[in-house]
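Model the full structure from these sequences, guided by the hints.
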Amino acid sequence: MRLPYYLILYFISFSLQSWAQEKGMKPIEDDIQNEKRLALVIGIKKYKYLPPLKNTLNDANDMARELSASGFEVILKEDLDKSMFNEALEKFRQKLKNNNVGLLYYSGHGIQYNGETYLIPTNAVIKDSSDVDVNCIRLSDILEIMSKSNVEISLVISDACRNTPKFKNSEIANNNFKIPGGFKRGYIAFATSINAPADDNQYGNNGAFTGELLKYISIPELSIGEIMQKTRNSLNLKFKQITGIYDQLGSDFYFKKRIIAIEPDTQSIPAGTEEIGTDATEEEDAYPAHIVDFTSFAMGKYEVTQSQFKLFVAETSYKTDAEKNGFSYVFHEDSIKVLRQNINWRNDERGELVGNDPQSAQKPVIHVSWNDANEYCKWLTEKAQLKGETKVFRLPTESEWEYVAKVSANKGSKGIQSSDNKSYQDWHLENSGKKIHKVGEKTANKFQVYDINGNVSEWCSDWFGKYSSLRSSNPKGAEVGDYKVFRGGNWSDSIEYSQPFSRSYQLSTYTSYNLGFRVCYSK
Numbered sequence: 233m234r235l236p237y238y239l240i241l242y243f244i245s246f247s248l249q250s251w252a253q254e255k256g257m258k259p260i261e262d263d264i265q266n267e268k269r270l271a272l273v274i275g276i277k278k279y280k281y282l283p284p285l286k287n288t289l290n291d292a293n294d295m296a297r298e299l300s301a302s303g304f305e306v307i308l309k310e311d312l313d314k315s316m317f318n319e320a321l322e323k324f325r326q327k328l329k330n331n332n333v334g335l336l337y338y339s340g341h342g343i344q345y346n347g348e349t350y351l352i353p354t355n356a357v358i359k360d361s362s363d364v365d366v367n368c369i370r371l372s373d374i375l376e377i378m379s380k381s382n383v384e385i386s387l388v389i390s391d392a393c394r395n396t397p398k399f400k401n402s403e404i405a406n407n408n409f410k411i412p413g414g415f416k417r418g419y420i421a422f423a424t425s426i427n428a429p430a431d432d433n434q435y436g437n438n439g440a441f442t443g444e445l446l447k448y449i450s451i452p453e454l455s456i457g458e459i460m461q462k463t464r465n466s467l468n469l470k471f472k473q474i475t476g477i478y479d480q481l482g483s484d485f486y487f488k489k490r491i492i493a494i495e496p497d498t499q500s501i502p503a504g505t506e507e508i509g510t511d512a513t514e515e516e517d518a519y520p521a522h523i524v525d526f527t528s529f530a531m532g533k534y535e536v537t538q539s540q541f542k543l544f545v546a547e548t549s550y551k552t553d554a555e556k557n558g559f560s561y562v563f564h565e566d567s568i569k570v571l572r573q574n575i576n577w578r579n580d581e582r583g584e585l586v587g588n589d590p591q592s593a594q595k596p597v598i599h600v601s602w603n604d605a606n607e608y609c610k611w612l613t614e615k616a617q618l619k620g621e622t623k624v625f626r627l628p629t630e631s632e633w634e635y636v637a638k639v640s641a642n643k644g645s646k647g648i649q650s651s652d653n654k655s656y657q658d659w660h661l662e663n664s665g666k667k668i669h670k671v672g673e674k675t676a677n678k679f680q681v682y683d684i685n686g687n688v689s690e691w692c693s694d695w696f697g698k699y700s701s702l703r704s705s706n707p708k709g710a711e712v713g714d715y716k717v718f719r720g721g722n723w724s725d726s727i728e729y730s731q732p733f734s735r736s737y738q739l740s741t742y743t744s745y746n747l748g749f750r751v752c753y754s755k
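Numbered per our numbering, the sequence shown spans residues 233 to 755.
Quick caveat, the hints were computed from the structure, so don't treat them as lab data. Just so you know, these numbers come straight off a predicted model, no measurement behind them. Hints are all accurate, no fakes.
Capping the alpha-carbon separation at 25 Å, the derived lysine-lysine pairs in DSS-like fashion look like this:
| hint | residue 1 | residue 2 |
| --- | --- | --- |
| 1 | K623 | K542 |
| 2 | K278 | K323 |
| 3 | K462 | K542 |
| 4 | K380 | K410 |
| 5 | K309 | K327 |
| 6 | K268 | K416 |
| 7 | K447 | K472 |
| 8 | K708 | K678 |
| 9 | K278 | K398 |
| 10 | K268 | K329 |
| 11 | K470 | K286 |
| 12 | K400 | K280 |
| 13 | K569 | K667 |
| 14 | K268 | K327 |
| 15 | K398 | K277 |
| 16 | K610 | K755 |
| 17 | K314 | K380 |
| 18 | K286 | K359 |
| 19 | K447 | K309 |
| 20 | K278 | K314 |
| 21 | K327 | K380 |
| 22 | K556 | K470 |
| 23 | K542 | K670 |
| 24 | K569 | K666 |
| 25 | K470 | K551 |
| 26 | K277 | K314 |
| 27 | K623 | K708 |
| 28 | K286 | K309 |
| 29 | K623 | K755 |
| 30 | K410 | K359 |
| 31 | K470 | K447 |
| 32 | K314 | K327 |
| 33 | K416 | K380 |
| 34 | K551 | K610 |
| 35 | K277 | K359 |
| 36 | K619 | K755 |
| 37 | K698 | K708 |
| 38 | K277 | K323 |
| 39 | K670 | K569 |
| 40 | K416 | K329 |
Here it is in structure tokens:
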């Protein structure tokens, strides 16, 4: 990031929020990252003999906050002259020996000369080649400090120009960056390639490289290599700037305790037999009643929450159908749905942004399509495979869903919901206050599953098709179709219209304010 000159930046960090503390979320962490960490963060804006830099102090302060939140002890320094720079490095050296991870982040002018990268203090004079070693700070000297400290991991990230100054009567035989032989288990990331400038981004609050980097450092489960690859891609796309990476770690490094899987809290559903559908001829879509035998399976105890889905999007950069289509249905006070633009999973039932509200984070995610729910299940399966598990997450079949819903404590004969019992355990229009509620606030049913027939309706895996009267085992619905099934009542529908056998269906891209999902897997 720097227009005419150079800057170097050192970084390591990763911030994982406490999303996993809510109901329905079971984090599984590995046992790495218990080390002590130290970061020296330097930003230089004002120079005596060089042009000032717009965003370097912003970069340094933003990085310091990220590192501190990720368990680093941070030494933050600004606008250092040569003497102050060396004092900061000495303090860093003394403290490093008591830490497992050392990191240097520098933001300021820098140059590449004779195979060395130099950091430029505020009072540096660079008129000829002899000034470079005398008045600047060699990166190789800092790498040597880190190597001799015996820290287990050394991290250096540079957001600086790597231009090579031209001096009279001076020839450069080889300007390739040279890593000291003693620098082991380290990672160096430069904002740009050799002999190239780095954009200071005059129209933003951070330099081009740091601005892109800050977008990815708090995404769960990304290693430093993955973060830098995403940064490199977006930086090249937006600024035509290519990073330089020197990876000598020998393995992946994660900035915080790495969550290998975020597994929803599931409940084992026993094998059994249930009458699915109804013989009531007026219920054409649910006719006829038929017997289904079920083997044991597991179902999410709760509907997938807003923050659980947020974690999926953060890691994968997935774009939902509502985002692609540019709209979703929102709730109107007259109990009608209204199509509104720019609504997606980040919005609540009335179209307001959820943001970081901890209460909303524990409510079911809405404005998600069948396609979105299915992609979330695929992601969970990949997470399980990282642990060596064979679980294949999926949406429940509608028969599985009805089997679980019909054991609700408030059902009347043949599972028919009735508002005669005002303590019914699901959220409907009569008791919801016309709003979505956090998962798990009502009583679980006899299978210990919550909100199965209320709060939000739920996508199922099946294509919609007519029922057969024949007995079957674990049916999966029609092989093909035009519409996907969703089941259950919700907070905006009357309980009288929320029978366990009732079937609804929509296009796989459909999204709305009262439709979410929960997960399953076969045993």
